[in-house]
Amino acid sequence: MILPDFTKAKVLIVGDLMLDRYWSGGTGRISPEAPVPVVNVNSAEDRAGGAANVAVNVATLGAQVTLLGMCGNDENARILKERLQTYDINCQFFAVPGFDTITKLRVMSRNQQLLRLDFEKSFADANKQDLEKAFDNALDDVDVVILSDYAKGCLSNPQTLIARARAKGKRVVVDPKGSDFSKYAGATLITPNMDELRGIVGDVDSEKTLVEKANTLKSDLALDALLVTRSEDGMTLFESDNTEFHLPAKAKEVYDVTGAGDTVVSTLSVAMACDLPLQAACVLANLAASVVVGKLGTSTVSNTELALALGEQSVHLDGGVMTEDQLAIALKAAKARGERIVMTNGCFDILHSGHVSYLEEAAQLGDRLIVAVNTDASVTALKGPGRPVNNVNRRMAVLAGLSAVDWVVPFEEDTPQRLIARLLPDILVKGGDYKVEDIAGGKEVMANGGRVEVLSFEDGVSTTGIIERITQNKLR
0 MILPDFTKAK
10 VLIVGDLMLD
20 RYWSGGTGRI
30 SPEAPVPVVN
40 VNSAEDRAGG
50 AANVAVNVAT
60 LGAQVTLLGM
70 CGNDENARIL
80 KERLQTYDIN
90 CQFFAVPGFD
100 TITKLRVMSR
110 NQQLLRLDFE
120 KSFADANKQD
130 LEKAFDNALD
140 DVDVVILSDY
150 AKGCLSNPQT
160 LIARARAKGK
170 RVVVDPKGSD
180 FSKYAGATLI
190 TPNMDELRGI
200 VGDVDSEKTL
210 VEKANTLKSD
220 LALDALLVTR
230 SEDGMTLFES
240 DNTEFHLPAK
250 AKEVYDVTGA
260 GDTVVSTLSV
270 AMACDLPLQA
280 ACVLANLAAS
290 VVVGKLGTST
300 VSNTELALAL
310 GEQSVHLDGG
320 VMTEDQLAIA
330 LKAAKARGER
340 IVMTNGCFDI
350 LHSGHVSYLE
360 EAAQLGDRLI
370 VAVNTDASVT
380 ALKGPGRPVN
390 NVNRRMAVLA
400 GLSAVDWVVP
410 FEEDTPQRLI
420 ARLLPDILVK
430 GGDYKVEDIA
440 GGKEVMANGG
450 RVEVLSFEDG
460 VSTTGIIERI
470 TQNKLR
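Residue 0 is where the sequence shown starts when you use numbering that gives the first Met the number 0, and the numbers rise one by one after that.
No wet-lab data here; the hints were simulated from the structure.
Take these hints with a grain of salt, some might be off.
Stated by the list, open to error - Using 27 Å as the maximum straight-line C-alpha spacing, the simulated DSS-like pairs for lysine-lysine come out as follows:
{"#": "1", "residue 1": "K7", "residue 2": "K132"}
{"#": "2", "residue 1": "K182", "residue 2": "K169"}
{"#": "3", "residue 1": "K7", "residue 2": "K80"}
{"#": "4", "residue 1": "K182", "residue 2": "K217"}
Work out the full structure, taking the sequences as your base and the hints as a guide.
This is the structure:
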């Protein structure tokens with residue numbers, strides 16, 4: 000199985016919006032006022048939570064997202080919307096007078112949560128006519144609907160939304176909450192965890208009991224399918240033919256299960272929107288969960304991480320321009336396959352024949368070639384005002400189109416030393432008349448058992464020379 004084109008998927012999400020706030024700092028003493036640790040807060044971070052985190056997960060996979068929810072008319076709603084808009088999420092928030100945006104403040108020290116403060120009031124009795132109207136307007140242009148229920152009142156009447164979506168032939172995936180699942184009757188699929196399932200069907204003391212009770216619940220609610228997430232026991236899908244499809248947990252290391260349920264429902268829904276069979280969609284959701292629990296804090300999974308988790312042999316499916324984190328993952332997989340990694344860096348402002356011949360020569364030294372590219376600010380610092388001529392996105396796109404280049408990654412510093420020290424290629428290449436000991440990152444590469452090569456540039460060809468000739472021609 001290879002990944003579908005997630006960018007074609009259109010997902011509508013309705014649910015409880017939350018702002019997750021983290022205050023972090025060191026603890027070195029006990030308060031004289033009470034037997035509690037004193038946290039000297041030195042950093043603060045705001046993240047999308049609840050249905051907003053589901054939306055971020057969907058957007059990170061590349062799908063198009065519309066998010067509907069209720070909030071207060073306050074600063075936290077503005078902060079949350081700004082965070083989401085950086086992911087190109089279409090936010091339609093409905094502010095309710097007299098209500099605050101639901102906010103969860105976590106006080107952290109040394110990656111441990113010491114205290115959580117919740118600021119919330121249920122939206123259950125709030126007027127939802129405007130939200131339902133927006134839902135109706137958005138339905139025609141989406142493939143799948145997600146109802147992300149955190150029992151905060153936005154989805155106090157999910158039957159209305161389910162009925163309207165199904166009437167238009169839309170599939171509805173529900174992440175459920177509460178002690179009464181009858182409100183989700185008629186949905187395409189619901190995704191309870193084992194604790195939530197026990198709260199509905201009672202004790203589950205064996206696999207046989209799980210199968211019987213899950214199938215009964217699916218039938219009673221007229222669901223197409225039921226997916227039970229089972230933590231370290233993986234997940235089990237129950238479909239219309241009453242047979243179960245079990246997927247064992249894939250995580251090698253578990254650091255934090257926060258947000259894993261959001262990752263499952265988002266990956267599953269995007270895969271369904273791309274018309275993958277339900278069992279295949281569950282395979283992807285299970286793999287996505289295995290990736291996200293290996294991260295600290297509420298996290299997301301990129302399509303690159305998902306492709307690598309699938310064990311695809313060619314990272315070119317998600318190659319070309321990458322973030323530093325994505326490249327680190329791709330590089331780990333490439334090294335595990337025994338591939339020799341070559342790395343070089345530069346501004347590459349106006350790509351010319353000298354660059355091309357140099358990159359082709361560098362690529363011949365190994366199996367994969369990484370090109371690290373200076374961001375615009377670092378080019379200006381190195382080359383002066385008026386440079387770069389082409390912005391970093393254009394420069395990287397051109398480099399990624401060369402057959403010699405496998406991966407392109409930006410770096411912000413004046414030199415790529417930190418990036419090279421993190422990636423540790425087998426061969427570091429630089430063009431020109433550099434001494435090996437003066438090449439940024441060279442010491443780190445050699446200390447790791449790699450080598451540094453200095454290649455010659457093509458004589459008489461340079462970006463500066465091209466710019467000077469263009470300027471002279473204009474003055475004539």
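Decide if the proposed pair is consistent with the structure: K7 and K80, CA atoms, cutoff 27 Å inclusive.
Satisfied, since the Cα-Cα distance of roughly 23 Å is no more than 27 Å.
Are K182 and K217 close enough, with their CA atoms no more than 27 Å apart?
Holds, because 13 Å separates the two Cα atoms, which is no more than 27 Å.
Do the alpha carbons of K7 and K132 lie within 27 Å of each other, as the hint requires?
Holds - the C-alpha atoms of K132 and K7 are around 25 Å apart, at most 27 Å.
With a cut-off of 27 Å on the C-alpha distance, tell me whether K182 and K169 pass.
18 Å, holds
Checked against the numbered hints given earlier, this structure breaks none of them.
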